[in-house]
Structures are given as C-alpha cells and as structure tokens.
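For chain V, the structure is supplied; the task is to place chain C on it using the hints.
Listed in order, the protein sequences are those of chains V and C. Counting in my numbering, the first sequence runs without a single skipped number right up to 343 at its last residue. Counting in my numbering, the second sequence runs without a single skipped number right up to 343 at its last residue.
Any given hint might turn out to be false.
Identical copies carry no separate label here, and so any pair may be met within one copy or between two of them.
[To be verified] Straight-line alpha carbon distances no greater than 30 Å define the calculated DSS-like cross-link-like pairs of lysine-lysine that follow: (1) Lys-311 with Lys-112; (2) Lys-300 with Lys-315; (3) Lys-313 with Lys-152; (4) Lys-299 with Lys-201; (5) Lys-313 with Lys-112; (6) Lys-289 with Lys-61; (7) Lys-152 with Lys-315; (8) Lys-289 with Lys-152; (9) Lys-311 with Lys-339; (10) Lys-300 with Lys-201; (11) Lys-152 with Lys-339; (12) Lys-342 with Lys-85.
Read the hints as simulated data drawn from the structure, not as lab findings.
One letter stands for each residue in the lines below.
Protein chains: 2
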Amino acid sequence: MISSMGKPYVVGIDIGGTNTVFGIVDARGTILCSGSVKTKAYDKVEDYVTAVCENLLPLIESEGGVEKIKGIGIGAPNGNYYSGTIEFAPNLPWKGVIHLAELFQEKLGIPTALTNDANAAAVGEMTYGAARGMKDFIMITLGTGVGSGIVVNGQVVYGHDGFAGELGHVIVRENGRMCGCGRKGCLETYCSATGVARTAREFLIARSDESLLRHIPAEEIASKDVYEAAVQGDKLAQEIFEFTGELLGEALANFVAFSSPEAIVLFGGLAKSGDYIMNPVKKGLDSNVLNIYKGKTKLLVSELKDSDAAVLGASALGWELKDLKE
Amino acid sequence: MISSMGKPYVVGIDIGGTNTVFGIVDARGTILCSGSVKTKAYDKVEDYVTAVCENLLPLIESEGGVEKIKGIGIGAPNGNYYSGTIEFAPNLPWKGVIHLAELFQEKLGIPTALTNDANAAAVGEMTYGAARGMKDFIMITLGTGVGSGIVVNGQVVYGHDGFAGELGHVIVRENGRMCGCGRKGCLETYCSATGVARTAREFLIARSDESLLRHIPAEEIASKDVYEAAVQGDKLAQEIFEFTGELLGEALANFVAFSSPEAIVLFGGLAKSGDYIMNPVKKGLDSNVLNIYKGKTKLLVSELKDSDAAVLGASALGWELKDLKE
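Next up, chain V with everything else stripped away, as it sits in the complex:
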C-alpha cells in the first residue's frame, strides 16, 4: 500500500505543550531513532524550528540523509491540515496563526504536512495499527480530554475549514457538566480521564458505601486510582467505569448513524482498562444503536504503543505527501 519511491522513511513530529518528540519511521511503523526538545523553552517559533532541526538533522543523516525521507508529518494541538498552521493553541508559547509546516518545509527541503493530534492518531492507526486496510472508521482518543479522527472513504474528514472531528465536544447531556469550552454536557466532561475522576468525586459524595477511593483525598483522585481500585474488586470503582463506558457507548451509537464506520478504535489510558471499560462501552453501543447498524461496527483498542503512538501517527501523514518538485 505504501509506495516509497526510493524514499523509505518518514519523519513524525509530535508537539505537546511541554515536550516535542520526533523520530524517523519506516514503512512498517518502526521508529528507527528519535529525539526531543522542550516546547516551552522557545518563545519565538523560529528559534523552536531551528532547535528541532538541529536535533533532527543528525538523526536524518544517520539514516542516509534528506533524500531518504518521503515527507514530514506533524501532530499539533489546533493544527489545521489545509493551511499547515497551528491556530490559537492555548497551551503553546506561540500566539495567533503559526505557519509551522511551511517553516519546516523551507528549512529542510522536505514536504511537510500538519494536523491535530487525534487526526494524526487516526492516520497512524490506518497506516500501522488496528485500522489497517479500513476505509471507514472513527478514532476516539481518551486522554485528559476526548479527541477524535474520522476517516471516510480512506480520507480523514477535515471539513470545509480543517477543524472537523471534535466529537469530544458533542453534547451528550442537556444541562450536563460544565466543560472547559464554555458549554455544558460535552462528552469530554464524562469520558476523559478527568471526567472519570469527576464521576468518582460525584459518586463518593452521593453514596455512602465503602470504597478504597475514600482513602484518597477527593481532589487528588485520578482515573488511574479508579482503575486500580476496580482491579482490586472495589464495587464503586467498577460502577464508575460502567457509568463512563455506557455513556461513551451511547455517544458512539449516534456517531455510527453519521458515518456507519467499519470500526471504532479507542486510544489512550482509559481504553487500556480492559473489560472494565470495554464491556460497558459495548453495552451502551449495542443498546442504543439503530437496528440497521446493530452488530456491524467493530469496537477495537488501538494497536499502537502509547509511547510511540504520537510520533507514529504524525509520521503517517508523511507517506501521503508528494515530492516538492512534482
């Protein structure tokens, strides 16, 4: 499927609020070598690009030089695929609209594309992971927030403005929990890691039954604590997962009515909580999905290693790029 045209590698750059990680990746999704810089250390984006390139170029040289690289893919918060820009990203040091893909492309002479983290994850899953060979699927990333990447006819859905696929901000409960986006009842307020912690605090106040979670100060409870308690047989913790999973499944049932995907791929810490989360998700999906879709959509967990996924996802964009002189 991947035609390397004598250029066997791509570069993936994952930009986070704290760190930027990059690596050289081959067609099988092996990260041959990687490096990182501190995103926050550079107030000016030009200095940042220079720093990344200074660290990246020796890696590229070690794998045979620039002529071996088919393209560079960048995953970044608020990334716009059409323009290759980062637009008003609240957690990055550079304000306004940043033409980041262009800056890298000019500096290195390698075609460069950019998109947001969740879209990059979807392309990564389609290229190297659980969605290989699929043309229609939805990627849901369950982290601090909830992100999504939607693939239709083998292409990421970017929408008319480049910002499609914000399924974490679909409103799932009328007048529900307050969301960081300023609205109420977004999926993200329930089914992210922070949403799970929020549910834990609510359950602990509303109920009086014993729980291992009562030994942790309420404000410090994290999604991980709930998982560990659930594994130890804690009933309340298990019910937190049931609540979270069923609500997610219910939302997924509505997403299925949109694009009827072959699979929904879940990614992130929560998705690794095994049956505790996946059984209720399946239950929520099956009991809410329209009859004609019943039993047709596979529920999968990402096959990419957590630590590699961001760089792999970004890198996968690189395979789709044309040579600059074409």
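What follows is chain C alone, placed relative to chain V:
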C-alpha cells in the same frame, strides 16, 4: 463541472411507496419530460421494472434515444449505493434484497446507480441546487420522517455498509419520545412533520391558553395546520415552531462537530415555513455550537422545487456514472 461526453441527459427515477416518478434531465437541472407509474400495482419487481421501462423508453426516444443518456439514478427507500439494491424496505411491495439497479441496467443498457432518497437529495442539491460548488455539506430532509445525506470531500458518505447518514435517528433526548425504530428520543420524533403535530398535541394538553389549534380535533392536527395558525399570529403555534427549531438547531450543532460542513441545507415542508422555523434553528445552532465553528456554517433552504426535487436528486447520480464499456 458536468462533462457530458456527447451524452447530454440523465434519467432520474424516484421510488415512493405509492408512486414512482421518472424524468429526463439536462445538465442545468431542467426536467425535459417526465412520467409515473403506481409502485403498489406491481407485486413482482420484474413486472414493475417492465412497466417503468415501457413508460420511460418513449420519453428517452423523444429526446434522441438511449445513446443520449449518460446514466440512470434511482432514489429509493432503504437503497444501498454499493450494491445497487433495495434492502428490506417496509413500504415497498417487494420483500428482502432487490437488485434494482442491475435490473434496470440490463433492461435498458444504460449504467444505473441507486441510493436512498436523502442521499439522492444531497447529490441533487450539489449538482443543481443550493450546494453547487460545495465539497462539505449536510442535507437534512424534513418530511414525515427526518432523513440526511452527508457530503465530505465532494463525496456522499455511504459508510462501510452503504447505510451511513441516518441523522433522523440520532438520539437527542434521553428517554424521549418513542420512535418508530423502537428506540426513544430520536431527532425524527421531534423535528419531522409528524413530530410537529405531536408537539402540538402535547402543548395543547399541557397548557390552557387559547389557540386556533384547539378548533381542530387533536388527532387530526398536521404540521401544516400549525404553520397556518402561526402565520395568523397564534402564539402557541409559533412556540411549537420555536421548540422544534431550537431542538433541531441543537442537534445540528453536534453534527457540525462531526464534519464541519460549509453549509447545512434543509429540505421539505417544514423548511419552507420561513422565519418561523429558521430563526429558532439558527438560535439553537448558534447557542450550542462549539466556539471554533461559530458563525462558519451557512444555514440554507433547498433551492430545488418540491415537486421536482426527488427526480432531480435521483438523476444527479447519473452524471457520476461511467459508460458500461469503459
């Protein structure tokens, strides 16, 4: 945009439970001539196809013969684009899976495609109507039920099985109104013509203020009566539209988070109720849509004449077909 390759016309066939209407259409969306047969009169699908062809062929001959026709498009309930089949349509006389596109193609020697009514409407709007030149939009058909056709990157979203785009069955109210699909709270139970009538009956029972609608027996109230009362200044009728429109707008806000369309095109009787419905839809959309999408998505009313839209929509599929010998 439309390349006719010496074949200047297409045929559109719209299959309804009662009537089948067909016509010859040119590249500007003019219906040159048309005809119809009674769908219900034919227990065997082969007899039905024969009857349609016997009525259609003279029309084709009058416009220069089969060699002038680029393709045939069919809009049908439960139509599957991939297989060209109608599958288990409850309101048609033929049971199971019917290979209808194939039957027409063999009979007439003209390439034939088939999809459901709402997808056909979307292609029609993109080819001849309000969505000309758009690559990303959502068509919502407000009739007895609520249907949808979603276009992404210039292509209808069919999903992995051909059945994507059932936005009328997105659940908008937890434990809401009972739907014909067996589930509760579907958009269709509120925002279809029957949904409006249902809201009218609910409002009339729950409230005691005077209304023109009280002069009509409750079971006989139709969406049209509500519109007429609203036009005459009836407060209760106007509030029924506000309720319906705001709920639709709220649902549209979630759809925008999926595919970030350039426009949402509303079609059907309800969409023709002007400001009574469009103002509340806009209000519901604006007050529920995520910040990054705010003010970006146009809210449009279909530009196709009601009486022509079904045939035009179906016909538009015909332009995308390749010659059988290619």
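Going down the list of hints, with the structure as the test:
no.	hint	in the structure
1	Lys-311 with Lys-112	between (45 Å within a copy, 20 Å between copies)
2	Lys-300 with Lys-315	within (13 Å within a copy, 37 Å between copies)
3	Lys-313 with Lys-152	both (15 Å within a copy, 28 Å between copies)
4	Lys-299 with Lys-201	both (25 Å within a copy, 19 Å between copies)
5	Lys-313 with Lys-112	between (44 Å within a copy, 22 Å between copies)
6	Lys-289 with Lys-61	neither (37 Å within a copy, 53 Å between copies)
7	Lys-152 with Lys-315	both (13 Å within a copy, 29 Å between copies)
8	Lys-289 with Lys-152	within (24 Å within a copy, 37 Å between copies)
9	Lys-311 with Lys-339	neither (40 Å within a copy, 34 Å between copies)
10	Lys-300 with Lys-201	both (25 Å within a copy, 16 Å between copies)
11	Lys-152 with Lys-339	both (21 Å within a copy, 22 Å between copies)
12	Lys-342 with Lys-85	within (15 Å within a copy, 42 Å between copies)
Hint compliance for this structure: hints 6, 9 are broken, all remaining hints hold.
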